[in-house]
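Here the protein sequences come in this chain order: U and D.
At position 214 of the first sequence the residue is numbered 214 (this note's numbering), and the sequence of numbers has no breaks.
At position 78 of the second sequence the residue is numbered 78 (this note's numbering), and the sequence of numbers has no breaks.
Honestly, I wouldn't trust all of these hints.
Listed below are the simulated DMTMM-like cross-link pairs for lysine to aspartate or glutamate, each with C-alpha atoms no more than 25 Å apart in a straight line [stated by the list, open to error]: (1) D:K221 with U:E171; (2) U:K13 with D:D17; (3) U:K13 with D:E199; (4) U:K100 with U:E56; (5) U:K105 with D:E34; (6) U:K44 with D:E147; (7) U:K100 with D:E116; (8) D:K26 with U:E171; (9) U:K13 with D:E116; (10) D:K221 with D:E199; (11) U:K105 with U:E56; (12) D:K221 with D:E210; (13) U:K44 with D:E131.
Think of the hints as simulated: they come from the structure by calculation, not from any bench.
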Amino acid sequence: MDINQTPLYRRRKRLNQLVMVLCQLATVIGFIFLFAILFTLVTKGIGAISPSTFVERTRMNGGGLGNAIWGTFLMTCAATVIGTVIGVAAGTWLAEYSGKGLMAKVIRFINDILLSAPSIIIGLFIYAVVVVPMGNFSGWAGVLALTVIIVPVVIRSTEDMLRLIPNSLREAAAALGAHRWWIIVRVCYSGARAGIMTGILLGFARISGETAPLLFTSLNSNQWNFFDLGSEMANLPMTIYQNMTINAFIPDLVALAWGGALILTAAILILNIAARYFSRQRS
Amino acid sequence: MATTNATPTSGLGRLSDATRRRLQRKARIDVWFERTLFAFAFAVLLLLGAIIASLMLSSWPAIQRFGLDFFTENRWAANVEVFGALPAIYGTLLTSFIAIVIAVPVSFGIAIFLTEQCPGFLRQPLSTLIELLAGIPSIIYGMWGMEVLAPLLRTWFPSVFPAGTGLATAGIILAVMIIPFITAVSRDVINTVPAVMRESAYGLGCTTWEVTRRVILPSVKGGLVGGVVLGLGRALGETMAVTFVIGNNLFLNTTLTGQGTSIAALIANQFSESDGTQRSALLALGLILFLITFAVLAFARYLLRNSTGRHA
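Just chain U, with the same shape it has in the complex (with noise of 0.2 Å):
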């Protein structure tokens, strides 16, 4: 008897076929899920969307979200530069000076916790330490809600980032008689910096799209307001979600937060296909 023919054989092909063809199902639903939600995302949104869009503020009627994108993209330049100085000067200490201690494997424990908190905690720990003393929301709190955000993002690109420069680069600095902070700021940045710049392009996209810690941090507002971050911010992420819920009655302002959406999410897919294109520059 040919042995593709044997009852055990045939078992094991058709068990291979039947998984094979459930991966193939799952990818299928994977990917309908998902294209489901962009359909509806660009075929809602871009009715909503027209240049005046992005020049007027928001209003209770007609208006765009001029406002709300800049404050968005205010508040998110603001977060970035911040977690940028504390995020690469607390990878740097990780990859370059701390060693096998324990102080270095608590410092990444809690940051890989930090990655990965919720991000509506952080807007009620950055309410209670900055909002109330303060006495009001504020922009700046905003700004220091997606600083705690995004700091631990950096912080993970940095050290992994320099982890890559190999020793020998080093210790070649070293034998030309460079110092260790010298050898760090031109030998082993400027071999990471693309791969920095990726961490931080991500962690921009990410910040931009966070909702949850802007409820209690710079709330939202419908006036124009271009540099005072001492008082309450428009943003993004905020005016779509309460035009969703609280004037979800304004059939107007429904299909303005649509369009907003579908902005906010072209504008993250945009900025991680450039952190790809960057990170491929590198290699």
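Following the hints, put chain D in place on chain U, whose structure we already have.
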């Protein structure tokens, strides 16, 4: 390195005063550079302490007033000042459980498809797509759940989902949200299996499924479970994807599909209009959520410590 440069050795003695001062200044910079960096790293440690301390302090009045009743009271009624965490805790755990039950088989299926079966030209584009989808902000998932999924469920299964929204709907939305995440982690983990192991199993005559089941999965078990637990951590703390579709029913409703609430949704809905005891009780809920996710994430990191698991 720093100390050898700073110590005046016989070699340094031969240098001019200016050169020696310059070297000593650089050595001092070296010391301060390290101290500054360490201060920033230490700030991360303080940050976690500050988060826990501030949540504890600000929720203390509620904890003191309600004590253990906080965990047994089955309703959250602000008008009569009765605050029970049970409905929110039940909703948080149940929605996350539903999400994991749906997301794990689908994600593993996609990951196995991508690593074992997928034709080469599709592998990279599909993997990139999955990673990009993991970056979509969670509020988008919530909006889609409210506008598309909930009405669909109401039309298709009116007896199971009379309102469309509810705990099960929230669970489904969470599942869709964490599928790209768990898939990306699982794919990375599976890709760490050396090709030699795979090839030797195929060489013995194994089918694709037998290779996956007997060789690949056992060797990366820890990493896979770690990825799932990380996904669970996301689902537990998710606010925006859930708030829109969970129904916001503040009384305990121990069904699968009924309307309910979760800790994050309850905080998001009530915090800005609350004060006094209610605000303190909401902060206590936040503390509970943080402790739950802390335990879950610590467990995930423990499992992932030897795998790649680079994802946030």
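- Between U:K13 and D:D17, does the CA-CA distance stay at or below 25 Å? Roughly 83 Å separates the two Cα atoms, so the pair is violated.
- Query: Is the straight-line distance between the alpha-carbon of U:K105 and that of D:E34 25 Å or less?
  - Reply: 18 Å, holds
- Pairwise hint evaluation, U:E171 against D:K221, where the allowed Cα distance is 25 Å at most: The given pair, whose Cα atoms are some 39 Å apart, is violated under the 25 Å limit.
- Query: Given the hinted pair D:K221 and D:E210, is their alpha-carbon gap at most 25 Å?
  - Reply: Given that 25 Å is the threshold and the Cα spacing comes to 15 Å, the pair holds.
- Message: Given the hinted pair U:K13 and D:E116, is their Cα-Cα distance within 25 Å?
- Response: With Cα atoms ~16 Å apart, U:K13 and D:E116 stay inside 25 Å; holds.
- U:K13 and D:E199: Cα distance at most 25 Å? The hint holds at about 18 Å.
- Pair hint D:K221 and D:E199, alpha-carbon separation not exceeding 25 Å: The hint holds at about 19 Å.
- Message: Run the distance test for U:K44 versus D:E147: straight-line Cα separation, threshold 25 Å.
- Response: At roughly 10 Å apart (the allowed maximum being 25 Å), D:E147 and U:K44 satisfy the hint.
- Message: For U:K100 and D:E116, compute the direct alpha-carbon distance and say whether it is at most 25 Å.
- Response: 37 Å, violated
- Pairwise hint evaluation, U:E56 against U:K105, where the allowed Cα distance is 25 Å at most: 50 Å, violated
- Take the C-alpha atoms of U:K44 and D:E131, compute the straight-line distance between them, and say whether it is at most 25 Å. Distance of about 24 Å is within 25 Å: holds.
- Hinted pair D:K26 and U:E171, Cα distance within 25 Å: Given that 25 Å is the threshold and the Cα spacing comes to 18 Å, the pair holds.
In terms of the numbered hints stated before, the structure departs from hints 1, 2, 4, 7, 11, listed from lowest to highest.
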